[in-house]
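Note that the protein sequences, when read in sequence, are chains R and Z. Using this note's numbering, you'd call the opening residue of the first sequence number 153 and step up by one each time. Using this note's numbering, you'd call the opening residue of the second sequence number 616 and step up by one each time.
Hint data in this document are derived by calculation from the structure and do not stem from the laboratory. Please note: incorrect hints may appear among the correct ones.
As the list claims (entries may be wrong) - Quick list of in silico lysine to any residue cross-link-like pairs, SDA-like style, CA-CA up to 25 Å: (1) R/Lys318 / Z/Arg629; (2) Z/Lys637 / Z/Ala840; (3) Z/Lys1069 / R/Arg300; (4) Z/Lys748 / R/Arg155; (5) Z/Lys683 / Z/Asn803; (6) Z/Lys1157 / Z/Tyr902; (7) Z/Lys730 / R/Leu357; (8) R/Lys304 / Z/Ser642; (9) R/Lys305 / Z/Glu931; (10) R/Lys311 / Z/Asp989; (11) Z/Lys1084 / Z/Asp1029; (12) Z/Lys622 / Z/Ser642; (13) R/Lys311 / Z/Ala988; (14) Z/Lys683 / Z/Glu931; (15) Z/Lys904 / Z/Lys637; (16) R/Lys318 / Z/Glu977.
Keep in mind it's a predicted model, so treat the numbers as computed, not measured.
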Amino acid sequence: MNRFEEYNPITVAVIYLCILGISMFFINPALQILSFLGAVSYDAVRRGKKRRGGYLWYLTLFLILTFVNPLVSHNGVTVLFFLNNNAITLESIMFGANSGIMILAAILWLRSFSDITTSDRLLYLTGRLSPKISLILSMAIRYVPLFRKQAKKIEDGGKAIGIYTKDSIPGNIKSKLRVFSAMVTWALENGIITADSMSARGYGLKRRTSFSVFKINKEDVAVLLAVCLLFAGVMYAVLRGGLDFSFYPRVTTGKNAALYITGCISYGLLVLSPALLEIWSNIRWKYLISKI
Amino acid sequence: MEILDIKNLTFTYRGTTAPTIKDVSFSLNAGEVLLLCGATGSGKSTLLRMLKRELTPLGKMQGSVVYKGKNIHIEEAPHLATKIGFVAQRPEGQIVTDKVWHELAFGLENMGVKKEVMARRIAEIANYFGIEKWFDRDVADLSGGEKQLLNLAAVMVMDPEVLILDEPTAQLDPIAASDFLATVRKLNADLSLSVIICEHRLEEIVPYADKLLAIDKGQVLAFDAPKAAFAKVRECEAIMKNMPAASLVYERLTAEYKDSINTGKYEVPFEIREGREFLQSGFTGPYTKIDEEAGSKKSVPVLKVTDLRFRYDRNEPDVLCGLNLSLYENEILCLLGGNGSGKTTALKAAAGLIKPYAGKVEVFGRKLASYKADSLYKNCLAMLPQDVQTILYADSVKDELLESGIEAGSLPYDISYLLDRHPYDLSGGEQQLVALAKVLAAGPKILLLDEPTKGLDALYKEKIVKIIKDLKAAGVSVLIVTHDVEFAAGVADRCLMFFRGDVVSGGTPREFFSGNTFYTTAASRLSRGLFENAVTVDDVVKLAGLNHVEKQKN
Chain R
153 MNRFEEYNPI
163 TVAVIYLCIL
173 GISMFFINPA
183 LQILSFLGAV
193 SYDAVRRGKK
203 RRGGYLWYLT
213 LFLILTFVNP
223 LVSHNGVTVL
233 FFLNNNAITL
243 ESIMFGANSG
253 IMILAAILWL
263 RSFSDITTSD
273 RLLYLTGRLS
283 PKISLILSMA
293 IRYVPLFRKQ
303 AKKIEDGGKA
313 IGIYTKDSIP
323 GNIKSKLRVF
333 SAMVTWALEN
343 GIITADSMSA
353 RGYGLKRRTS
363 FSVFKINKED
373 VAVLLAVCLL
383 FAGVMYAVLR
393 GGLDFSFYPR
403 VTTGKNAALY
413 ITGCISYGLL
423 VLSPALLEIW
433 SNIRWKYLIS
443 KI
Chain Z
616 MEILDIKNLT
626 FTYRGTTAPT
636 IKDVSFSLNA
646 GEVLLLCGAT
656 GSGKSTLLRM
666 LKRELTPLGK
676 MQGSVVYKGK
686 NIHIEEAPHL
696 ATKIGFVAQR
706 PEGQIVTDKV
716 WHELAFGLEN
726 MGVKKEVMAR
736 RIAEIANYFG
746 IEKWFDRDVA
756 DLSGGEKQLL
766 NLAAVMVMDP
776 EVLILDEPTA
786 QLDPIAASDF
796 LATVRKLNAD
806 LSLSVIICEH
816 RLEEIVPYAD
826 KLLAIDKGQV
836 LAFDAPKAAF
846 AKVRECEAIM
856 KNMPAASLVY
866 ERLTAEYKDS
876 INTGKYEVPF
886 EIREGREFLQ
896 SGFTGPYTKI
906 DEEAGSKKSV
916 PVLKVTDLRF
926 RYDRNEPDVL
936 CGLNLSLYEN
946 EILCLLGGNG
956 SGKTTALKAA
966 AGLIKPYAGK
976 VEVFGRKLAS
986 YKADSLYKNC
996 LAMLPQDVQT
1006 ILYADSVKDE
1016 LLESGIEAGS
1026 LPYDISYLLD
1036 RHPYDLSGGE
1046 QQLVALAKVL
1056 AAGPKILLLD
1066 EPTKGLDALY
1076 KEKIVKIIKD
1086 LKAAGVSVLI
1096 VTHDVEFAAG
1106 VADRCLMFFR
1116 GDVVSGGTPR
1126 EFFSGNTFYT
1136 TAASRLSRGL
1146 FENAVTVDDV
1156 VKLAGLNHVE
1166 KQKN
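Let's have the full structure, built from the sequences with the hints guiding it.
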């Protein structure tokens, strides 16, 4: 029933790690293109009609990455032309395009990851590693908006009694400094109250445990198993040389077509899993809602 | 059964010679509510903090604090951290984490409780406190009252046997404060939880307390059941002023007419109901109305707000919905209303701190926008914010005044005894006076005050009332936003009720409060149906006295 973003944070984190890890460590255009397609499809399914703009920006980034590489790297055997006595080769353009796609895919994956990873999910993940780090993060997350709010209050307070001025540059700087120093005093004072409240509730007395509102259920286990299987499939193809690929001096690929196809299908399913799980939950939800 | 036994406690802060707490002894039985009262600076907070080892300040301590036979300052017992719970004044600072559920879990995490046990305890507590609805919310989105309730819940989740509350409702509005105290009472009744509470707002808590511990200058003045302790507290003016209205009326009437009243007949009343019975026993009669002085003619408005509309975000509802409001010259106007009704927003709009999307604000007949740069805030209009710490920046009160360019001598009140102190070390009332000094330094003709009595005891409230009246006499027009009905009744020329972003009704304090049934002063509730328009303790005493004399004549 879960939407992809409602799976246990560990499940989600494992999927992202597998996808990004493979696309970053193994050079093969097929993997990069699959990773990119997976990221785009999940984005499309997740957002539905609410698309976010910025495609021109991504295209520009891709073009820059593609065409900067041949300017600095002159490896490769297929010379297209000379620029300032430097060879511009087909191979280095292809290499640039490959890295471009890889970086675009990584950006898209990380963007969706940060969108679906709310602070409590992040804390759950860090809490597994260390309850202390998790607590510090939780406090830091709270302090950022708190500080912003307090700074605004101090600014308004000063303004309404005529000692926060924007009239002149020196006056403005002085006012800003005053807000800053007031913030420091306030933060220290507030910190003492918080520290008292922490020790009053037994902080530091025993080894901390970490509470969370997340559970690992059957679906998580099933998805994790499937992901491991797919990951193993890709790794098998990689280790047996099925996904070998190199750009320089000329483009060469692995020889074993069966292994190549195994690797690509496994990785393809892996990168599509977020979108597929999302679609699956939509279908099930539509079916269930028809019964209400 | 004694759960907490304090013997001969004396405490001297490091770096000072005079003890803050002198030879204090008292005990708390299981299931009792003990009310601690004392003037500002009498050592209440210090005493409460010494009952909890983790919070005991640095300094020299003598005497003992014994919890169930164990001296908490000597015996090493980590579990005591959970057995004695502590909630302090400021709701915001006490919260540690960013989510409501995490805050509830915090104490249990510290004690290393297993996750399954935690889940059950948290679910239980969230249910009891009605927190389920906001279980997943960010703590930043909670109101002050909700935050303080969360602080209480986060302590109660650890299953304490003694709860220590250090002015827990000082920063809350009256409704939230009532809710909080009701929850404390419920905990006491349901779980037989022992409570030690220190409060300024005694109206509600005195009738409920089992014991009253009054301290003055660090020494025990009285420790007894409230009605018995009342007789001994009499001499201490600072404590007396905070007592419930019914007891004050009783006290003043019996003092004035002691020859003709049989004091043995009545115990001191604390509740409104008891107070009414006392009044009905011979203080009703022909005098039921206070003659109002003819209201001053309405002059020109110095601040005029017309059809003001404002919302914080395009997709949110209006906070101000076509607000119309005028502040006349040389007038003290109080805006009253519930939490979130938009009072503070209205004040900010009047001060030009937020930009309404429709309507206009005129100051001395000129639109706000026509005041270039900061000319509005120089010798014209100034505002005291709700949280006065936001305008205190310097390392000493002297520097604060220096920075604002005002001398202590030129203020209408005396703060010269505070000059060398750090603003953050002052009590709430003292901070209020220093902040007000900085506001007055701007030489305002229109003064806007946002909750000037928040967290103050009756003594400081009286001071503030006097200052505001003096300012009015000096020609300043004052607009006050407040929850505090007793304060408004004492200070205002005119009161307005704020509701859903607009003003719904208004009048002089007497018209206003005698017309309200719920949103009114204790004195008005006390005399409802007996007198027509008595809204302060002074009013009630005056009318009751006249009736009593009349009866004696016959």
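Identify every previously stated hint that the structure contradicts and give their numbers, smallest first.
-> 1, 8, 14 and 15
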